[in-house]
Amino acid sequence: MDLFANLAIGFDVALSPSAMLYCLIGVTLGTFIGVLPGIGPLAAIGVLLPITFHAPQTEAIIMLAGIYYGTMYGGSTVAILLNLPGTAASAVVAIDGHQMAKQGRAGPALVMTTLSSFMGGCVAIIVVAGFAPPLAQFALRFQSPEYFSLMIMGLLAAAVLVQGPFLKGIAMVVLGLLIGTVGQETISGLPRFTFDTLYLYDGLSFVVVVIGLFGLAEVLRNLALGADREKVDTRVGWRELVPTKRDMKDSFMPTARGTGIGAFLGILPGAGPAIASFVAYALEKRVSRNRRNFGKGAIEGIAAPEGANNAAAQTSFIPTLSLGIPGDAIMAIMLGALMIHGLTPGPQIIQNNPEFFWGLIASFWIGNLFLLLLNLPFVGLWIKILSIPYSILFPAILSFIAIGIYSLYREPLDIFMVTGIGLVGYLFIKLRCEAAPLLLGLILSPLLEENLRRSMLVSRGDPMIFLERPISLIFLILAVLGVGAVLLGSWRASRKPQTEEGSAK
Amino acid sequence: MNSDDPQTDLLAAAMFVAIGAGAIWIALDYPLGSMRRLGPGALPMVLGVLLLASGAGLALQAILRAQMDPQWRDQPLLKLPKLPSVHVVRSTLCVVAGLGLFGLLVRPAGLFLATATLVLVSSRAEAGTPIIGSLALAVIIPAACVGIFVYGIGLPFRVWP
Chain A
1 MDLFANLAIG FDVALSPSAM LYCLIGVTLG TFIGVLPGIG PLAAIGVLLP
51 ITFHAPQTEA IIMLAGIYYG TMYGGSTVAI LLNLPGTAAS AVVAIDGHQM
101 AKQGRAGPAL VMTTLSSFMG GCVAIIVVAG FAPPLAQFAL RFQSPEYFSL
151 MIMGLLAAAV LVQGPFLKGI AMVVLGLLIG TVGQETISGL PRFTFDTLYL
201 YDGLSFVVVV IGLFGLAEVL RNLALGADRE KVDTRVGWRE LVPTKRDMKD
251 SFMPTARGTG IGAFLGILPG AGPAIASFVA YALEKRVSRN RRNFGKGAIE
301 GIAAPEGANN AAAQTSFIPT LSLGIPGDAI MAIMLGALMI HGLTPGPQII
351 QNNPEFFWGL IASFWIGNLF LLLLNLPFVG LWIKILSIPY SILFPAILSF
401 IAIGIYSLYR EPLDIFMVTG IGLVGYLFIK LRCEAAPLLL GLILSPLLEE
451 NLRRSMLVSR GDPMIFLERP ISLIFLILAV LGVGAVLLGS WRASRKPQTE
501 EGSAK
Chain B
1 MNSDDPQTDL LAAAMFVAIG AGAIWIALDY PLGSMRRLGP GALPMVLGVL
51 LLASGAGLAL QAILRAQMDP QWRDQPLLKL PKLPSVHVVR STLCVVAGLG
101 LFGLLVRPAG LFLATATLVL VSSRAEAGTP IIGSLALAVI IPAACVGIFV
151 YGIGLPFRVW P
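Respectively, the protein sequence lines represent chains A and B. To convert, note that position 461 of the first sequence is 461 in the UniProt record's numbering; the numbers rise steadily by one, no gaps. To convert, note that position 22 of the second sequence is 22 in the UniProt record's numbering; the numbers rise steadily by one, no gaps.
It is possible that some hints are incorrect.
[To be verified] Derived DEER-like restraints, expressed as beta-carbon distance ranges:
1. A:VAL287 with B:GLY133: 50 to 60 Å
2. A:PRO377 with B:ILE63: 36 to 46 Å
3. B:ILE148 with A:MET339: 33 to 43 Å
4. A:PRO377 with B:GLY147: 23 to 33 Å
5. B:GLN75 with A:LEU372: 51 to 61 Å
6. B:PRO108 with A:VAL480: 50 to 60 Å
7. A:LEU225 with B:ILE131: 21 to 31 Å
8. A:LEU372 with B:ALA21: 49 to 59 Å
9. A:ILE474 with B:PRO31: 54 to 64 Å
10. A:ARG410 with B:ILE132: 28 to 38 Å
11. B:PRO31 with A:GLN163: 57 to 67 Å
[To be verified] Heads up, simulated SDA-like pairs for lysine to any residue below, C-alpha to C-alpha not over 20 Å straight-line:
12. B:LYS82 with A:LEU431
13. A:LYS245 with A:ASN293
14. B:LYS82 with A:LEU427
[To be verified] Partner residues are not named here, just some residues of chain A that face chain B (Cβ under 8 Å, in silico):
15. GLN103
16. GLU185
17. ARG460
Simulated from the structure, these hints should not be mistaken for laboratory data. All residues carry an ideal CB built from backbone N, CA and C; glycine is no exception.
Using the sequences provided together with the hints, build the complete structure.
Here it is in structure tokens:
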């Protein structure tokens, strides 16, 4: 079987001492930053991103992936123990997880998140290994119009999934695309939006934008909260540590169902782990025999979304790697990191860089194993981290941000730029504009322009080309249907609470 | 999906409209090209128009919602945002100044002093932090950073002036 031969190549790479070391460092750092109060996975990856650029190509991406899993795991830990979910995905786990912690069952809850994640990860690896190559094969037939329509679909999905008005999401995507055009234009060499500065000739550095919008803006927001910052109460009951046999039995099917949902949703561009968690939890609440205990500390309510979360996290690498179209903001960062390392994601990556591709996939599994083996014994330590006062933490985070950015290009102007973007990011938070769609727009902007231009050249200036080619048409129809479905859903939801006298929120 | 209050949406809309208009204004100088050969100005122009339009749409939506929803009808639509409190101004200024000084100092003064300055200045963001605490952090954090970045990762930074 090709599949196993390929996985064997992968494990060969991923089991090399240097890959394992970087994976371990990534997972540990990720968990460490992930449990820090007020730092979600995006901010954590933003802060740690520059470090990975000093590692060799494959190792760097393995480390970044490790950071990603680590932060997600750290996020779940905080969500369960302290009911402080850092992300939408961990908000779902917090519903029942924190109830369990209150009942003194934090131990089983944490063990189960890790076990479910691990199982989700194991299944998802097979899905990735099985689906990515055929998808890449299929995508080899894609030409510019198909890519253009696929990107439009992904961008619309990102816009529609923000909280609040759809138009805000659209505006943020467009703003991201616009920022992506800054710099010298590829064909004519015309500098665009550079304001006559040499600094902007190469465009805005993607890393600077990520760190400013996510890392620094988070710090500013937390500082501004001041005394209102959530007080962290680290006293949790530890009556039991390991799940009982019944817990395991109760969790098995929910995990399996969650994994299936997650693996499927992760493949779709624009979906990703957060949606997968929500859907898995909602489904489990319907089908579970134990549904009446949901929200009161049902272990099924942890197992299903955690399995989904992790499975989706891994399968979302499928579109990112084999099409070069990221599903969400985190994958956009991954894509940016790949490009900085000189790897061009797309259908060819599997053929041209098999060691990289399969090594990364195998490292997913190893990263999960590290999480399982290393983090469970150290739960107590992670909780200690939570009690570090913010007044000590944030100068350290700022130093990390500043040194990290300066280490990339040795350009002091980058520090000023990140400060400015951080302020803009803080403004976005104040205006309740989610920055994730902007990032997706920013990373896809050059690709979108190139494919648009090429399509128009091929069609001799006829925009109907996007509707005449079947695959491209399908993407556009899916995009319209998806947007329509979500808009209809939110319209219905907005009508309902009005009859109950504004009980929205 | 929970929506934000119309006033916030209106401010966000104003920001989008302003940026969109600015982008169109600047992109007017770039050649648009033809449909067949899109010039460097084509995409920025389209994006500028889209941004302007979505901003305008958002504003319209916010105004309509404010008109229709009893919760908002009696409130003034254009409420200026509250002035930031002394604390917010102080913390933001400390962070901005700290990072700015780092940028200015890192080349001439080396990594250690630049980081120490950043820590010292930014840690004043919290009014409750004693000076002695800031000073201690300004020694410990740069030392740890030099340890991690220069000796751990092996980046060739100049540590001292």
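List in ascending order the numbers of the hints, as given earlier, that are violated by the structure.
Hints 2, 3, 9, 11, 15 not satisfied by this model.
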